[in-house]
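K.L.:
Residues per chain are reported as follows:
Protein chains: 2
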Amino acid sequence: MTHMTTNTIPEKYMAWLKGRAFAHLATLMPDGSPQVTPVWVDSDGVYILVNTARGRQKDINMQRDGRVALSIQDPDNPYEYMQVRGLVELSTENGARQHIDELSVRYTGHAYQGSPDQVRVIYFIRPMYPIDE
Amino acid sequence: MTHMTTNTIPEKYMAWLKGRAFAHLATLMPDGSPQVTPVWVDSDGVYILVNTARGRQKDINMQRDGRVALSIQDPDNPYEYMQVRGLVELSTENGARQHIDELSVRYTGHAYQGSPDQVRVIYFIRPMYPIDE
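For the protein sequence lines, the chains are A and B, in the order given.
Counting from 1, position 15 in the first sequence corresponds to residue 15 in my numbering; the numbering is continuous, with no gaps.
With positions in the second sequence counted from 1, the corresponding number in my numbering is that position plus 1000.
Next up, chain A with everything else stripped away, as it sits in the complex:
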């Protein structure tokens, strides 16, 4: 696996982060135990972006403790995968509704169907520790 020694995400992984592969996002519960759920994923080339709704367990967890990990398989070959540990460096509600619509179009072909009452939030995750197994 390519090691990320700079701030930029290797091209090979960018294709997965901008495609239709799901990421499995691990966060920490209040008692320190892990939680993991599938999520849509995005990247700006520096950060890995995850968009969730306010009040979900992963939102609560990332607000409290920014240490996360992600696992993403190559959609064409599940034995090729990216795993990364990282830190939430910032989160924002600004543009998050538009962002979830963009993600929804990419993953499903149509605009996001969630309740209009949902408050969306984007988490910016900085990859810190790619590891091999």
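Quick caveat, the hints were computed from the structure, so don't treat them as lab data.
Built from N, CA and C at the ideal position, the CB exists for glycine as well.
Be aware that one or more of the hints could be misleading.
Not everything, but these chain A residues come out facing chain B in the computed CB check (under 10 Å) [said to hold, decoys possible]: (1) Ser-33; (2) Val-36; (3) Thr-37; (4) Asp-42; (5) Gly-45; (6) Arg-67; (7) Leu-70; (8) Ser-71; (9) Ile-72; (10) Pro-78; (11) Val-105; (12) Thr-108; (13) Ala-111; (14) Phe-124; (15) Met-128.
No farther apart than 27 Å at their CA atoms in a straight line, the calculated lysine-lysine pairs in the DSS-like style are these [stated by the list, open to error]: (16) Lys-1058/B - Lys-12/A; (17) Lys-1058/B - Lys-1018/B; (18) Lys-1058/B - Lys-58/A; (19) Lys-1012/B - Lys-58/A; (20) Lys-58/A - Lys-18/A.
To spell it out: a stretch of chain A is covered by chain B in this simulated footprint if at least three of its residues, at any positions, have a beta carbon under 8 Å from a beta carbon of chain B; those stretches are [what the hints assert, rightly or not]: (21) 19-28; (22) 79-88.
Based on the hints, put chain B in the right spot on chain A.
P.N.:
For chain B alone, kept in the frame of chain A given last:
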């Protein structure tokens, strides 16, 4: 999502655990941060079974702290998924080589191709906290 109030795993999820879907297994690093990787998965109806090699990060992590989480998507519909938090209740090397061969045949159609020097270990995970989002 069906809540597991007993020790037995719901039939719907057993199909995924006995099929060819990957699980994404989250464990805890020494500093308490999460790690997550795709793994083959199995079940005896009570425990979720994961088979790994001695010395891998997930092996080291689970030996030290048995708190884990798994996320598994329905191979036919990624928007149906199982997520569970659980505890490693036991682990054993007994039968683990035969078990990885069985898993390999199920997932790939052929016997396991890993080094014969590998020491394999089966982890028995008891599901504790299924949650919804």
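K.L.:
Given as covered by chain B, does the segment 79-88 of chain A meet the bar of three residues or more with CB within less than 8 Å?
P.N.:
Held - the segment 79-88 of chain A has 3 residues with a Cβ nearer than 8 Å to chain B, which meets the minimum of three.
K.L.:
At a threshold of 10 Å, is the proposed contact between Ser-33/A and chain B supported by beta-carbon distances?
P.N.:
Constraint on Ser-33/A satisfied, holds at 4 Å.
K.L.:
Please verify that hint: Val-105/A, Cβ, nearest Cβ of chain B, below 10 Å or not.
P.N.:
Hint violated; Val-105/A Cβ to chain B Cβ min 16 Å, cut 10 Å.
K.L.:
Has the segment 19-28 of chain A got at least three residues whose CB is nearer than 8 Å to a CB belonging to chain B?
P.N.:
holds (count 6)
K.L.:
Does the alpha-carbon distance linking Lys-1058/B and Lys-1018/B stay inside the 27 Å limit?
P.N.:
holds (21 Å)
K.L.:
With a cut-off of 10 Å, does the beta carbon of Asp-42/A approach a beta carbon of chain B closely enough for the hint to hold?
P.N.:
violated (17 Å)
K.L.:
Any CB of chain B closer than 10 Å to the CB of Arg-67/A?
P.N.:
With a closest approach of 4 Å, the Arg-67/A hint holds.
K.L.:
Tell me if Leu-70/A is really an interface residue toward chain B, meaning its C-beta lies closer than 10 Å to one of theirs.
P.N.:
holds (7 Å)
K.L.:
Let's test the interface hint: is any C-beta of chain B closer than 10 Å to that of Thr-37/A?
P.N.:
Where the cut-off is 10 Å and the nearest Cβ of chain B is about 5 Å from Thr-37/A, the hint holds.
K.L.:
How about Pro-78/A: closest beta carbon in chain B under 10 Å, or not?
P.N.:
holds (6 Å)
K.L.:
So, as I understand it, the hint says Phe-124/A touches chain B; can you test that by seeing if any CB pair is closer than 10 Å?
P.N.:
This hint is violated: Phe-124/A lies away from chain B, its Cβ roughly 17 Å from the closest one there, beyond 10 Å.
K.L.:
Minimum Cβ distance from Ile-72/A to chain B below 10 Å?
P.N.:
holds (9 Å)
The structure shown violates the earlier hints numbered 4, 5, 11, 13, 14.
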